[in-house]
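Novice: Generate coordinates for the entire structure from the input sequences, incorporating the hints supplied.
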Amino acid sequence: MIETDWLWGLVGGLMIGGAAALYLLVNGRVMGASGIIGGLIDGSGRDAWAERLAFLVGLVAVPALAVLILGGADTHLSTNPVVIIAGGLLVGLGTRMANGCTSGHGVCGISRLSLRGIVATVFYILVGGIVMVLARHVLGWI
Amino acid sequence: MQRTLFAALAGAIFGLGLLVSGMTDTTRVQGWLDVFGDWDPTLAFVMGGAMIPMAIAWRVAARRRVAVLGTALPLTQDRKVDANLVLGSSLFGAGWGLAGLCPGPALASLGWGGWGGLLFLLAMVVGMVAAPAAKARIDRITQAA
Numbered sequence: 001m002i003e004t005d006w007l008w009g010l011v012g013g014l015m016i017g018g019a020a021a022l023y024l025l026v027n028g029r030v031m032g033a034s035g036i037i038g039g040l041i042d043g044s045g046r047d048a049w050a051e052r053l054a055f056l057v058g059l060v061a062v063p064a065l066a067v068l069i070l071g072g073a074d075t076h077l078s079t080n081p082v083v084i085i086a087g088g089l090l091v092g093l094g095t096r097m098a099n100g101c102t103s104g105h106g107v108c109g110i111s112r113l114s115l116r117g118i119v120a121t122v123f124y125i126l127v128g129g130i131v132m133v134l135a136r137h138v139l140g141w142i
Numbered sequence: 143m144q145r146t147l148f149a150a151l152a153g154a155i156f157g158l159g160l161l162v163s164g165m166t167d168t169t170r171v172q173g174w175l176d177v178f179g180d181w182d183p184t185l186a187f188v189m190g191g192a193m194i195p196m197a198i199a200w201r202v203a204a205r206r207r208v209a210v211l212g213t214a215l216p217l218t219q220d221r222k223v224d225a226n227l228v229l230g231s232s233l234f235g236a237g238w239g240l241a242g243l244c245p246g247p248a249l250a251s252l253g254w255g256g257w258g259g260l261l262f263l264l265a266m267v268v269g270m271v272a273a274p275a276a277k278a279r280i281d282r283i284t285q286a287a
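Here the protein sequences come in this chain order: A and B. Residues 1 to 142 in our numbering are what the first sequence spells out, letter by letter. Residues 143 to 287 in our numbering are what the second sequence spells out, letter by letter.
None of these hints come from the bench; they were simulated from the model. The C-beta atom is built at its ideal place from N, Cα and C for all residues, glycine as well. One thing to keep in mind: the hints can contain errors.
[Said to hold, decoys possible] Only some residues are given here: those of chain A computed to face chain B with a beta carbon under 10 Å:
1) Ile-16
2) Ala-64
3) Leu-93
4) Asn-99
5) Val-127
Specialist: What follows is the structure in structure tokens.
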């Protein structure tokens, strides 16, 4: 199993990119997860609310159904509520301040060599790595 | 109707891709960020794989100018690197490193993520509600400086 992980990563990645290509070429929109949900939350995406909501329904319901039938999935999320709440707050605040996350800035931005996408990705990976290493190896939180 | 149908389809494929690639498993994401531990290269394959269809799609988009369903394609690029982009991405990275979830996988794994997954999503929504005010404040500070 271990040696095929990269292959599943590649296949899943192609599906993620395929979904983004479909959303761009058919609907004419950039597929950014934080922007799609964030626009519904702060009202900035009121004009395309039905499209956003439909995207979120597909995103939540279809993988849930697949796992219900096939089983075998686990998020292995921390059970420490402080880590969960702090993580969620930072992800929500940061992605909306930066106007994008891993899908919008990472997948959709870098693939068009967007300067903003590249800068955003460098910072979230760099800070993510530092916080991860500190929290695990120095502070022992996770 | 067509718009919502294709949006739901894109969401579904995106979610299944996140599941198949292992990105809904926080140990994979944190294993990739943890360069001092047992490093997991999967995330690089996921990112690389996702770039391939999208790089082609941007080339097609530049030629078409209009999407299949009639919307003008978003071809103009915002090139402004400002404090909100750098600070926001850094805050996002901190949360991502801490919990191992970013917005897409947090939504995709809601069905099996239990109370923890739900709590993460609720906190993320609260952070998103707070963001416009924080963003405006950062803009005011950087413009004054």
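Novice: Take the hints in turn and mark each one as holding or not.
Specialist: Hints and how they fare:
{"no.": "1", "hint": "Ile-16", "result": "holds (4 Å)"}
{"no.": "2", "hint": "Ala-64", "result": "holds (2 Å)"}
{"no.": "3", "hint": "Leu-93", "result": "holds (4 Å)"}
{"no.": "4", "hint": "Asn-99", "result": "holds (7 Å)"}
{"no.": "5", "hint": "Val-127", "result": "holds (3 Å)"}
Checked against the numbered hints given earlier, the structure satisfies every one of them.
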